[in-house]
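Participant: Sequence:
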Amino acid sequence: MSILLSNLALFIQNDEKSVDDNPNAELEGQDLWKEFSVKGTEMVITKKGRRMFPMIRTKLYGLDWESKYIMMLEMVQYDRFRYKFTNGKWEVAGKGDIQPIRAPVMHPGSPKTGEDWMKDGACFKMLKLSNDLMNADGHIFLNSMHRYVPRFHIVRCDSFGNPIFSTVKSFVFDHTDFIAVTAYQNIEVTAKKIANNPFAKGFRKQNLEEKKRRSRVLKKQETVEPSSEEMDQPSILPNISNELMAQWQLALFSSYGPIQPEPLNLKIPEIPKKSGFGVLDLLAEPNS
37 MSILLSNLAL
47 FIQNDEKSVD
57 DNPNAELEGQ
67 DLWKEFSVKG
77 TEMVITKKGR
87 RMFPMIRTKL
97 YGLDWESKYI
107 MMLEMVQYDR
117 FRYKFTNGKW
127 EVAGKGDIQP
137 IRAPVMHPGS
147 PKTGEDWMKD
157 GACFKMLKLS
167 NDLMNADGHI
177 FLNSMHRYVP
187 RFHIVRCDSF
197 GNPIFSTVKS
207 FVFDHTDFIA
217 VTAYQNIEVT
227 AKKIANNPFA
237 KGFRKQNLEE
247 KKRRSRVLKK
257 QETVEPSSEE
267 MDQPSILPNI
277 SNELMAQWQL
287 ALFSSYGPIQ
297 PEPLNLKIPE
307 IPKKSGFGVL
317 DLLAEPNS
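Here this note's numbering is used: the first residue of the sequence shown is 37, the next is one more, and so on.
Calculated directly from the structure, the hints in this document are not laboratory data. It cannot be assumed that every hint is accurate.
[Stated by the list, open to error] Derived lysine-lysine pairs resembling DSS-like cross-links, with alpha carbons at most 30 Å apart:
hint, residue 1, residue 2
1, Lys148, Lys75
2, Lys83, Lys164
3, Lys95, Lys131
4, Lys161, Lys84
5, Lys155, Lys205
6, Lys161, Lys95
7, Lys131, Lys120
[To be verified] Derived CB-CB ranges, DEER-like:
hint, residue 1, residue 2, range
8, Leu169, Gln66, 30 to 36 Å
9, Glu62, Ser195, 26 to 32 Å
10, Trp101, Leu68, 28 to 34 Å
11, Asp67, Asn171, 31 to 37 Å
The beta carbon of each residue, even a glycine, is placed where N, CA and C say it ideally should be.
Take the sequences, apply the hints, and build the full model.
Facilitator: Encoded structure:
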């Protein structure tokens with residue numbers, strides 16, 4: 037009888053109180069993110085989707101070895117403004133566009149045990165950013181010239197592999213905010229991406245004069261074209277079901293409320309109204 041009960045226990049959802057974990061995440065490549073942040077990080081968005089660089093790669097600690105976990109990543113609007121690049125720096129251009137509800141992206145390795153996550157970490161190298169709201173490839177839709185920040189989530193699962201949303205733990209890493217663009221605005225950011233992105237190795241083989249010429253060309257182009265090596269890699273991020281999405285939104289708003297980072301202390305510039313001949317002038321009585 038004891039053997040039977042032991043076997044049945046495998047099909048009973050995890051008792052949350054019996055799991056002793058303290059999930060924690062650390063961003064890898066923090067120095068590179070900080071270097072980009074100083075210049076004003078930009079991420080290109082396209083209809084077909086473009087990968088991030090730097091990418092979000094994390095080390096994980098404090099997970100229960102035997103429990104399974106799901107890792108998720110979403111892009112959160114940093115503030116409520118639209119930006120423009122003027123005189124070599126980013127400035128507020130006015131109120132931002134209305135932002136749709138974005139589904140978080142689930143790591144393709146989810147779910148797997150805490151032991152595996154702590155050994156392998158979580159890397160979202162296949163994640164793509166898009167400016168096509170109707171894309172069907174699971175890419176994250178962003179508005180151009182708006183500022184975003186990645187938000188990373190760790191969710192423990194029950195014995196059936198279903199997420200236990202009361203266990204959600206969220207992380208926003210320093211220096212990871214960026215402005216979404218359809219073409220790089222800051223030449224320094226372009227040059228730094230060419231120097232550090234492994235997919236841009238073809239650009240690094242050019243001599244100094246060619247690099248200068250290329251920088252002028254890139255500024256006029258819509259975006260820096262990815263190498264064939266990057267284009268050949270398919271996106272394999274799984275789509276999140278409607279049911280999971282609904283539960284996810286309910287968990288975020290009921291348990292946390294908004295957990296966005298504090299917005300920047302920026303004021304929307306006043307745009308002077310046009311003056312001139314108006315309707316009242318047409319209705320006015322002629323002078324006698």
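Participant: It remains to establish, for every hint, whether it holds in the given structure.
Facilitator: Consistency of the hints with the structure:
1. Lys148 with Lys75: violated (37 Å)
2. Lys83 with Lys164: holds (10 Å)
3. Lys95 with Lys131: With a Cα-Cα distance of about 36 Å, the restraint between Lys95 and Lys131 is violated, given a limit of 30 Å.
4. Lys161 with Lys84: holds (16 Å)
5. Lys155 with Lys205: Since the Cα atoms of Lys155 and Lys205 sit roughly 19 Å apart, the hinted pair holds (cutoff 30 Å).
6. Lys161 with Lys95: Holds, at about 14 Å.
7. Lys131 with Lys120: Measuring from Cα to Cα gives roughly 12 Å; hence the hint holds.
8. Leu169 with Gln66: 30 to 36 Å: The hinted range 30 to 36 Å holds for Leu169 and Gln66, with Cβ atoms some 32 Å apart.
9. Glu62 with Ser195: 26 to 32 Å: holds (28 Å)
10. Trp101 with Leu68: 28 to 34 Å: holds (31 Å)
11. Asp67 with Asn171: 31 to 37 Å: holds (33 Å)
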